[in-house]
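Chemist: These are the residues of each chain, in order.
Number of protein chains: 2
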Amino acid sequence: MKLNKNMKILIVGLGLMGGSYARALHRRGYSVSAITKDQSSIDFALSRGIIDKGSTEIDADIIGEADLVVFALYPHIFLKWLEENQHLFKSGAVITDVTGVKCSVVYKVQEMLREDVEFIAAHPMAGREVYGVENSDDRIFWGANYIVVPTEKNTEEAIELCCELGEVMGFYDVSVLSPEKHDEMIAFLSQLTHCIAVSLMCASDNPDLVHYTGDSFRDLTRIARINDEMWSELFLENKEALLFEMDRFKSSFDKMYNAINEGDRESMREMMRLSTARRGNFDRKL
Amino acid sequence: MKLNKNMKILIVGLGLMGGSYARALHRRGYSVSAITKDQSSIDFALSRGIIDKGSTEIDADIIGEADLVVFALYPHIFLKWLEENQHLFKSGAVITDVTGVKCSVVYKVQEMLREDVEFIAAHPMAGREVYGVENSDDRIFWGANYIVVPTEKNTEEAIELCCELGEVMGFYDVSVLSPEKHDEMIAFLSQLTHCIAVSLMCASDNPDLVHYTGDSFRDLTRIARINDEMWSELFLENKEALLFEMDRFKSSFDKMYNAINEGDRESMREMMRLSTARRGNFDRKL
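Residue numbers (the numbering used here), protein chains in the order written: chain R, 2 to 287; chain P, 2 to 287.
Please note that a few of the clues may not be correct.
Listed below are the simulated DSSO-like cross-link pairs for lysine-lysine, each with C-alpha atoms no more than 27 Å apart in a straight line [claimed, not checked]:
| hint | chain 1 | residue 1 | chain 2 | residue 2 |
| --- | --- | --- | --- | --- |
| 1 | P | 91 | R | 240 |
| 2 | R | 251 | P | 91 |
| 3 | P | 54 | P | 91 |
Footprint (simulated), chain P over chain R, 3 or more residues, beta carbon under 8 Å [what the hints assert, rightly or not]:
| hint | stretch |
| --- | --- |
| 4 | 207 to 213 |
| 5 | 216 to 222 |
No lab work stands behind these hints: they were computed from the structure. No residue lacks a Cβ here, since even glycine has one placed at the ideal position from N, Cα and C.
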């Protein structure tokens with residue numbers, strides 16, 4: 002199956018990410034339907050012309066006609082949804098997701114899924130500190146990375162389809178990683194950073210700080226506004242890799258602590274020079 | 002002394018910050034001169050009309066006519082400069098600075114300074130990851146905080162003059178703090194955040210990360226590009242307060258680590274809710 006404009010795309014879970022997918026795909030001329038829990042989300046999306054139709058019910062017609070189904074749900078809800086409703090998929094349908102952890106999801110889904118439907122996992126590395134389809138905006142994909150996460154069970158065709166989906170929606174960089182490599186990478190780049198920001202924000206209860214803050218603190222804690230329900234689930238679903246990266250960060254932070262404590266200026270400067278050189282490569286391509 | 006346009010202002014150290022002061026003050030119609038170590042900085046500033054005159058020498062005329070002298074030097078160079086050249090100040094001159102730590106500087110300066118010259122410390126909380134007068138830009142002051150840091154030795158007049166200076170240059174919020182409170186605050190809001198960013202950047206040497214990074218990692222490590230000479234000096238000059246804040250952060254981070262390790266989702270969510278509520282107050286006023 003190649004991505005083509007006669008294809009019917011169904012989005013399950015019309016929040017910030019599902020809504021942004023809908024906007025991007027509808028803009029490109031695809032037929033987009035949605036199933037989500039709140040009627041207000043469907044009404045909003047219809048009124049903005051982001052979707053062609055939608056329902057808050059498990060609508061057998063909408064599910065049965067979809068060639069490509071995108072799941073934008075929390076991991077445990079995604080798994081439960083599949084258990085209960087996978088019999089409604091069209092034979093030959095491809096399903097994908099946006100879940101932020103992979104090992105704990107991908108293998109389970111592929112094991113439980115019907116033989117005539119293929120699941121190809123993906124992780125759009127874009128997000129905002131706001132929620133809901135009302136805040137959806139496909140510009141969050143510009144300059145961002147999209148990662149396709151296949152296993153040995155996936156066909157070349159589905160991997161290509163999923164890559165094409167990321168490109169069509171306007172992601173800057175589309176790449177392919179194994180579930181294990183993905184989870185390692187996400188533990189360091191995303192989960193650890195959120196742990197740091199939240200911990201920092203919790204470290205001092207001085208209410209006066211807000212009057213004196215500079216951009217460095219603002220930038221570092223932007224992601225401390227966090228959806229606690231979603232992120233606590235994602236952290237626990239990737240516990241082992243995350244704890245490993247937290248340990249690595251702690252060692253590095255302790256090295257800086259000891260250098261300061263011992264007045265070892267050369268060790269401090271060495272770390273600073275290393276961080277400066279490395280950070281140079283990480284600017285957004287925009 | 003009130004700030005007025007007949008006043009002659011001298012900036013010692015024409016780098017990013019000194020140059021940005023010069024731009025802001027010259028734009029408002031003040032007469033600005035500069036003393037700095039490189040002729041190329043003077044030439045650049047003259048060619049851009051940022052200063053009226055400048056020298057790489059200890060020019061007795063320029064120093065002797067200045068009513069207000071701003072020092073934008075590293076702490077140890079600032080102290081050495083004063084020791085060698087303070088006899089050249091005009092009687093009644095007010096001097097100020099931009100140094101990022103205060104206890105280790107302010108008391109020493111006030112103790113060594115001539116009786117007929119007043120030092121009122123200030124910290125403009127603005128900066129960039131670039132250096133030199135060539136990159137100076139007084140827009141870095143917009144929306145930023147400016148802190149005046151007096152001791153018991155300071156006169157009301159000088160405190161007011163210094164506050165007015167911050168306002169005239171376009172800072173959003175001008176406030177007054179003791180050296181001790183300033184250093185506590187800066188240890189948490191600025192130095193700790195730089196320690197975290199540098200440590201994170203040093204924690205993994207995986208060169209592939211750059212292909213998969215998202216905005217959270219970019220934001221958190223923006224300040225990992227750091228002037229190692231300046232920041233290592235600032236860290237050591239504020240060692241005690243910084244180590245105290247690093248300990249507080251470590252406790253908070255360990256609490257998150259333990260919650261994840263024990264699968265204690267409610268403790269994780271509690272920290273996330275606290276950080277979300279607190280962070281809401283910290284957005285830039287711009």
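Chemist: Decide, hint by hint, whether the structure agrees.
Modeler: Tested hints:
{"no.": "1", "hint": "P:91 - R:240", "verdict": "65 Å, violated"}
{"no.": "2", "hint": "R:251 - P:91", "verdict": "52 Å, violated"}
{"no.": "3", "hint": "P:54 - P:91", "verdict": "18 Å, holds"}
{"no.": "4", "hint": "207 to 213", "verdict": "holds (count 6)"}
{"no.": "5", "hint": "216 to 222", "verdict": "holds (count 7)"}
Consistency note: the structure conflicts with the earlier hints numbered 1 and 2.
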